[in-house]
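K.L.:
As you go down the protein sequences, you meet chains A and B in turn.
Okay, so the first sequence: first residue is 1 according to the numbering used here, each after it adds one.
Okay, so the second sequence: first residue is 1001 according to the numbering used here, each after it adds one.
One or more of the hints may lead you astray.
Computed list of lysine-lysine pairs in DSS-like fashion (alpha-carbon distance at most 27 Å, straight line) [claimed, not checked]:
hint, chain 1, residue 1, chain 2, residue 2
1, A, K240, A, K100
2, B, K1079, A, K486
3, B, K1060, A, K487
4, B, K1083, A, K487
5, B, K1087, A, K486
6, A, K181, B, K1079
7, A, K248, A, K15
8, B, K1060, A, K181
If you are wondering where the hints come from, they were derived from the structure by calculation, not from laboratory data.
Being a predicted model, the structure only gives us computed values, none of them experimental.
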Amino acid sequence: MDNLLLMLAPLFSSKLLLVLFFGTLFGLILGVLPGLGPTTGGALILPFTMTLDPLSAIVLLTSIYCAGTYGGAITAVLINTPGTPAAAATCLDGYPLAQKGEAGRALGMATVSSTVGGIFSVVILVFFAPILAQLAYEFGQPEYFALAIFGLTMLASIGEGSPIKNLIAGAFGILISTVGKDFMTSIDRFTFGINELTEGIGFIPVVVGLFAMSEMLTQSTLINQVFNRIALKAIKLPSKDDYKKTWKTILRSSGIGSFIGVLPAEGGTVASLIGYSEAKRFSKNPEEFGKGSIEGIAGAEAANNAATGGAMVPTLALGIPGSATTAVILTGLIIHGVRPGPDLFREQPDFLYGIFGAMLIANILFFIFGFFGAKIFARITLVPNKILWPMIFAVSVCGTYSLNQSIIDVWIMLFFGVLGFFMRRYGFSVVPVIIGLILGELVEGTLRQSLVIFDGNWLMFFTRPIALTFFILSLIALAFPLIRSKKLKKK
Amino acid sequence: MKNVQKQKRANKSLPFFFRDEFRVSLVIILISVALLITTFTFDIVPPILNRGIQPATFPKALLVLIIVMTLLIYYLATKNPWKVEKKLPRSFFLTLSSFVIFVVVSKTLDFFLAISALSIFVSYCWGEKRLFYLLLVGIIFPIIVFIFFETILGLRFPPGIITNIYYS
Chain A
1 MDNLLLMLAP
11 LFSSKLLLVL
21 FFGTLFGLIL
31 GVLPGLGPTT
41 GGALILPFTM
51 TLDPLSAIVL
61 LTSIYCAGTY
71 GGAITAVLIN
81 TPGTPAAAAT
91 CLDGYPLAQK
101 GEAGRALGMA
111 TVSSTVGGIF
121 SVVILVFFAP
131 ILAQLAYEFG
141 QPEYFALAIF
151 GLTMLASIGE
161 GSPIKNLIAG
171 AFGILISTVG
181 KDFMTSIDRF
191 TFGINELTEG
201 IGFIPVVVGL
211 FAMSEMLTQS
221 TLINQVFNRI
231 ALKAIKLPSK
241 DDYKKTWKTI
251 LRSSGIGSFI
261 GVLPAEGGTV
271 ASLIGYSEAK
281 RFSKNPEEFG
291 KGSIEGIAGA
301 EAANNAATGG
311 AMVPTLALGI
321 PGSATTAVIL
331 TGLIIHGVRP
341 GPDLFREQPD
351 FLYGIFGAML
361 IANILFFIFG
371 FFGAKIFARI
381 TLVPNKILWP
391 MIFAVSVCGT
401 YSLNQSIIDV
411 WIMLFFGVLG
421 FFMRRYGFSV
431 VPVIIGLILG
441 ELVEGTLRQS
451 LVIFDGNWLM
461 FFTRPIALTF
471 FILSLIALAF
481 PLIRSKKLKK
491 K
Chain B
1001 MKNVQKQKRA
1011 NKSLPFFFRD
1021 EFRVSLVIIL
1031 ISVALLITTF
1041 TFDIVPPILN
1051 RGIQPATFPK
1061 ALLVLIIVMT
1071 LLIYYLATKN
1081 PWKVEKKLPR
1091 SFFLTLSSFV
1101 IFVVVSKTLD
1111 FFLAISALSI
1121 FVSYCWGEKR
1131 LFYLLLVGII
1141 FPIIVFIFFE
1151 TILGLRFPPG
1161 IITNIYYS
């Protein structure tokens, strides 16, 4: 009961309410703009959070996460371009329905199902994060190593790119984390005599480079692209008939999204694809899918927003990011001196339940903003790229520079921008790099400490039941894409 | 779908050294091998200070893993070629070159000037010819961003021609 009261704390703090208001608004704008999104937006806003207290900072980031994930649906429905990757499945039915003159109905369903999915996942977060944190008390270094390996092997099935390419990108991310002084022995690694590299490569330059700068280069190849934008009169709340058709789909997708979100490294993109395909599988009218099915929109949108709360579960309870955006939130926590994990639940419940409450309110806020302001947000897509991207460049450069006041960080950002562009061009997702980078230190640190405990005997890992379970799950995660592709071939 | 198959067939008809899968794999392997060689130059920790494994062991293992997986994607690509990517347009190379100009200008002249020059250059190359909008993205907006970062975060930008005038 006390914890539930703590959840309401943001409602009674004008500062937190203001942060939530702006976070949700900013998240919606980011979500609407194709190419940007909560991950890039979160990374860009991180330096500003230094002026805030830890709770306000994380509330700002999580509200951007929730609203940004929903915002992608507006662009998906109106211009057939997902504002965020998680909204890709929404395009499949959202745009055809909008073409039939029912853009308001499509967006109404997207808004309602996103809100329900989001709130459902916060409930999951409130109940499961403390349980997982409690379990984590049993974890020693070998278990954390096995868990991190499990998180990394999950990259094989993140949906974008081929499994092996994702694993290469993940290994590359870990490799980046080894640059600088070895944290155990202080020996320089991959510094090439550059003093600035002894502290390692920062997270922000890599994230902003891989997401924002590589997207700027991608946009430079699309300057002649013309979007067919469908005019929106007003959002309509779903009718009784629509509710009857979709309530089961919304609940199912909320469950799927929350579960997928909890899995390390998986996020809204995978959740929405699975939510969509399950909606089709259970539908009485599967032939309508792809032609403007209201169930398709509900399935995809409930799932991707449900993944937000789910992804926060491993992030807060174990310090393992559930998605790319939660990797940014994890960085925010670390920057503000908050160490996620079981101790956080015991020592700072007010902080945690404040975040849970803020996520709940953010879901309600984006419903209100989306319902009354979708028409205005849709107009943001009219800002031409030739004006928008140079502005994003200016903010990216200053934001990256501001964390360490280092020009080298800006150059690193540009380098990763170019690298990210070519990675995406040749089918390598950039998300695994981020996850690998954030998990790198954990993987290496726990491996080396475990080997000290085991006196160098690698086989001892398999004598620990929890570690062994994670290794088996890792093998399943690696085999899953193979089984899936064989199944698809059979079909 | 038909387009992708067409692009894949087009890729298969190219000599192997012109195919994307070969070139990408080669670049990854060459870089990985170079980094792998570098790991042999890392200092070795005496056994008494060593924590589990040598500092070079972990990166070495990662690089070997990357090389093996790259060989695997190349092997798979020989059976199922990647689709041929469209040629990159001029605007891409102009934007890319603006990054280089940014690095040079920010290093030699001024950080603000570099942002301003890149913004105007990119905006112009992407088709913006109206003077007001070029000034908006190249001067007005960067000034707002600079002042915002300076006042909110107390940030001090690196010295340069324009920044020095501002600070003095």
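K.L.:
Next step is simple, just say for each hint if it's right about the structure.
P.N.:
Structure-based check of all given hints:
For the proposed pair K240 of chain A and K100 of chain A, the alpha carbon gap of about 20 Å is at most 27 Å, so the pair holds. Of the supplied pair hints, the one linking K1079 of chain B and K486 of chain A holds, its CA atoms being roughly 16 Å apart against a limit of 27 Å. Note on K1060 of chain B and K487 of chain A: the hinted pairing is violated, with a Cα-Cα distance of about 36 Å set against a maximum of 27 Å. A threshold of 27 Å between alpha carbons decides the hint, and for K1083 of chain B with K487 of chain A the separation of about 23 Å falls inside it, so the pair holds.
Our distance criterion of 27 Å between C-alpha atoms is broken by K1087 of chain B and K486 of chain A, whose separation comes to about 33 Å. At roughly 42 Å between alpha-carbon atoms, K181 of chain A and K1079 of chain B are farther apart than 27 Å, so this suggested pair is violated. Between K248 of chain A and K15 of chain A, the direct Cα distance comes to roughly 38 Å. Violation of the 27 Å bound is thereby established for this hinted pair. The hinted pair formed by K1060 of chain B and K181 of chain A meets the criterion: a straight-line CA distance of about 16 Å does not exceed 27 Å.
Of the numbered hints listed earlier, those contradicted by the structure are 3, 5, 6 and 7.
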